[in-house]
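Engineer: Model the full assembly from the supplied sequences, consistent with the hints where possible.
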Amino acid sequence: MNETDSLDFNRRDFLRSGSLATLMTMLGGVELIAQTPSAPADADKPKGPRVKLGVIGIGPWGREILNTLARLPQAEVVAVCDTYAAMAKRGGTAAPGAAVTADYQTILDNKDITAVVIATPTHLHKDIAVAALKAGKHVYCEAPLAHTIEDARAIAQAAKALPGLVFQSGLQLRSDPQRHFLLPFIRSGALGKSVMARAQFHKKQTWRQTSPNPEREKAVNWRLDKEVSLGLVGEIGCHPIDQVTWYFNGLPKAATGFGSTILHQDGRTVPDTVQAVLEFPAGVNMIYHATLANSFDAEYEMLHGSDAAVMMRESKAWMFKEVDSPLLGWEVYARKETFYKETGIALVAGASKSTGDAPKEEVPFTNTPLSFALGNFLRNASDFTIAKKEFIESFGEDADALKEHLTKLARQPAAGFVEGYQATVIAIKTNEAIMTGKRVEIKPEMYELT
Amino acid sequence: MKMKKSDMKLGYIALALAAVMPLQAADTIRLNSKPGSLKVRIEGTSNIHDWQVEGKLIGGYMEVGQNFPLEPGKAAEPGKVEAKAEAFIPVRSLRSIEKDGSPYSTKMDDIMFEKLRVTEFDRVVFRLSEMTLKEAAKSKDAPYVFEAKGEVVVGGVTNAITMPVSITPLGDNQLKVVGSVGLKMSDFKIEPPAPAIAAGLIKTGDPVTVKFEWLVVQKKAAAAAPAK
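Residue numbers (our numbering), protein chains in the order written: chain A, 2 to 451; chain B, 14 to 241.
Read the hints as simulated data drawn from the structure, not as lab findings. From the three backbone atoms N, C-alpha and C, an ideal C-beta is built for every residue, glycine too. Don't take every hint at face value.
Stated by the list, open to error - Here are the computed lysine to any residue pairs in the SDA-like style, where the Cα-Cα straight-line distance is at most 20 Å:
id, chain 1, residue 1, chain 2, residue 2
1, B, Lys162, B, Leu196
2, B, Lys128, A, Arg51
3, A, Lys390, B, Phe134
4, B, Lys232, A, Asp399
5, B, Lys233, A, Ala400
Said to hold, decoys possible - In silico negatives: residues of chain A with every beta carbon more than 10 Å from chain B:
id, residue
6, Arg154
7, Trp223
8, Ala388
Claimed, not checked - Short, incomplete list of chain B residues facing chain A, as computed with Cβ under 7 Å:
id, residue
9, Ser46
10, Pro48
11, Gly72
12, Pro103
13, Ser106
14, Pro116
15, Lys216
Structural biologist: Shown next, in the form of structure tokens:
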């Protein structure tokens with residue numbers, strides 16, 4: 002029996018994508034566009050030496066990673082690993098020429114491999130990440146880092162102890178140029194006083210994968226098991242929550258949550274519908290809600306300020322100004338579009354359908370956040386490997402000076418071990434709030450890496 | 014056969030020379046590149062704005078004679094000095110930067126690496142052939158001013174250069190070597206980059222200025238192991 006992907010493109014996605022810009026612009030949104038549009042990922046030659054890497058964990062997301070790496074000229078996937086033969090085999094198909102193995106240690110023992118990407122179930126990250134770092138590999142570890150604070154801390158501390166290696170956590174939006182473009186705009190106070198933040202994930206899907214036997218069932222449906230899964234807020238919510246901590250430049254001090262299993266009553270112990278409120282400093286709260294039972298309005302983040310709100314949706318962003326907010330100046334010339342309002346189904350007698358001359362939506366090509374994140378990881382990994390070699394050739398062995406040199410090396414933007422650890426702590430404590438239906442404090446020392 | 018007096022004189026001279034010459038080779042002092050505040054900076058122009066590139070790695074060595082002013086304030090007479098050096102800059106250590114020192118653009122870095130033919134020639138190399146002291150240090154903290162002649166190799170192409178170099182002894186047999194030289198990209202068969210960017214064609218100027226600050230130090234011999 003074949004296992005179904007939980008990331009299948011479906012009809013809902015198709016219908017939804019056609020009306021995004023329409024929905025936004027009819028609400029009077031001014032689109033915020035990064036000035037330098039990102040080039041397609043199909044560059045002729047690699048930007049720097051190719052990086053030989055291994056990918057560990059070939060589930061649906063692991064295969065998405067392999068497909069993305071296939072479009073990055075700097076990536077050379079030489080090994081793939083999964084403990085389940087069928088998954089490993091699919092990995093081999095997605096990375097032609099790569100060695101296929103069930104034992105990640107063979108990847109770590111391979112001296113030619115300088116970097117690994119870890120995309121196993123969350124609760125299995127720790128042993129692999131720590132071993133990979135000790136084996137001298139640059140590591141890209143998917144977010145959340147772990148399902149317990151203890152494990153997340155072990156990973157982060159192992160990365161901290163080895164500044165000569167690149168450790169990147171899978172908070173891919175931290176590498177997205179569009180998000181970086183927004184950061185100074187928001188931090189400059191263009192939104193006025195911070196009021197609140199919202200984020201949501203609505204997608205009607207089961208998350209349950211089919212499997213041939215009970216043993217495999219437990220392994221493949223780890224996301225539905227509260228013993229090892231952080232649920233919706235951990236697996237999905239960690240990304241928008243991290244974005245809000247980044248933009249607000251603050252960490253939440255408490256979380257209150259609710260969780261219910263509304264639709265998928267199949268024995269799972271992880272709720273399919275959650276709501277959470279995260280308390281940020283100065284009374285600014287973030288509301289997060291996610292469900293696997295309904296798809297309306299899909300996925301986005303919003304930052305609300307006293308002068309304007311910004312919506313971030315996929316790789317686009319819109320600003321909605323208050324009528325009494327000061328003029329920034331440029332918005333007079335900014336692109337605005339108006340469309341005839343069309344949302345839902347109107348049940349009105351005598352209604353006539355009028356589309357007008359709706360201009361064709363221009364969708365500039367852009368890489369996915371995952372592509373930017375992996376691209377930056379590869380660039381940082383090769384820069385570090387080269388910098389270390391060149392330092393030793395220039396000055397000989399001098400561990401302290403080398404450490405200082407590598408610490409000061411300019412990096413492509415990416416979430417490191419600090420960001421990954423803190424986002425994981427937030428995910429764990431928020432999930433705890435959801436599972437208990439209580440307010441859970443997140444003490445400042447929990448965010449520290451001693 | 015009785016030796017003539019002149020033959021004996023020649024013999025003494027020959028003996029003296031034989032005794033002295035091997036010692037001269039052993040009397041040079043080798044100083045190796047040291048990590049620290051060193052850097053190399055390349056400044057250039059374009060039709061859009063001036064640009065700058067910096068690197069923090071300079072490898073190599075200097076070998077100087079016994080009379081070289083290694084200590085601050087040491088007396089020295091202008092003239093040729095015994096010195097030999099080979100320094101290299103790893104091309105991939107160079108990074109374009111903004112005026113405030115923050116990173117500029119990896120796209121520009123990649124264009125630069127390609128123009129410097131990095132896959133074949135991963136270093137810029139300077140070999141010193143002659144050094145002349147022009148001005149001794151005016152005080153203990155002041156530099157000695159030299160004129161250095163040598164050749165520089167960029168992208169596999171070699172050109173002779175002459176440049177002023179200031180050397181400041183820092184004590185403990187450490188030297189800070191500071192210099193600057195104007196070069197032209199075209200002299201090294203490098204076509205000034207003209208990348209097509211959304212705003213239009215950027216045309217880079219041919220002349221560049223290379224500035225460097227290099228630290229070299231004589232490595233101390235390891236302490237002898239105590240006798241058992």
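Engineer: What are the numbers of the hints the structure violates, in ascending order?
Structural biologist: Violated: hints 8 and 15.
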